[in-house]
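Residue numbers (the numbering used here): 34 to 148.
Hints may be right or wrong, so weigh each one.
Unchecked claim - Using 27 Å as the maximum straight-line C-alpha spacing, the simulated DSS-like pairs for lysine-lysine come out as follows:
#1 Lys-108 - Lys-97
#2 Lys-76 - Lys-108
#3 Lys-97 - Lys-119
#4 Lys-76 - Lys-97
#5 Lys-129 - Lys-108
#6 Lys-109 - Lys-129
#7 Lys-129 - Lys-97
#8 Lys-129 - Lys-76
#9 Lys-119 - Lys-129
If you're looking for bench data, these hints aren't it; they were derived computationally from the structure. Computed from a prediction, not measured in an experiment: that's the story for all the values here.
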Amino acid sequence: QVQLVESGGGLVQPGGSLRLSCAASGIIFSISPMAWYRQAPGKERELVATITSGGYTNYADSVKGRFTISRDNAKKTVYLQMNSLKPEDTDFYSCKATSYGNVYWGQGTHVTVSS
């Protein structure tokens, strides 16, 4: 059974930082491309960042220079380091794994950026 479990969300002030984690099980993590998405109520899901099995990364323009996606294959975990957070980063963040053509989602974690 595939499981993706996110953690690390919460309330942070503008300009602050958070690190999200997504722990995977049930997949061969080291060869699985991973991604972080976010979605606000009533809005479409937005791709935030992706990382390939080889460690190549890609980011949405809105987060470039502020967010960093990384992975630890030994821990089967993907991270999203979020710096210089803005109120518009407030969203529900989910991680996605792609394994042998199948797509899996975690339950998500909420990030609120507010003073």
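Here's how the hints hold up against the structure:
For the suggested pair Lys-108 and Lys-97, the alpha carbons sit about 25 Å apart, so the restraint of at most 27 Å is met. This hinted pair does not check out: Lys-76 and Lys-108 have alpha carbons roughly 32 Å apart, beyond 27 Å. Taking the CA atoms of Lys-97 and Lys-119, the gap is near 13 Å; set against the 27 Å cutoff, the hint holds. This hinted pair checks out: Lys-76 and Lys-97 have alpha carbons roughly 21 Å apart, not beyond 27 Å.
For the suggested pair Lys-129 and Lys-108, the alpha carbons sit about 16 Å apart, so the restraint of at most 27 Å is met. Only pairs whose Cα atoms come within 27 Å are accepted, and Lys-109 paired with Lys-129 is accepted, the gap being roughly 13 Å. Distance check on the hinted pair: Lys-129 and Lys-97 sit about 19 Å apart at the alpha-carbon level, within 27 Å; holds. Taken as a hint, the Lys-129 and Lys-76 pair is honoured in the structure, with Cα atoms around 18 Å apart against an allowance of 27 Å.
For the given pair, Lys-119 sits about 23 Å from Lys-129 by alpha-carbon distance, which is consistent with the 27 Å threshold.
Checked against the numbered hints given earlier, this structure breaks only hint 2.
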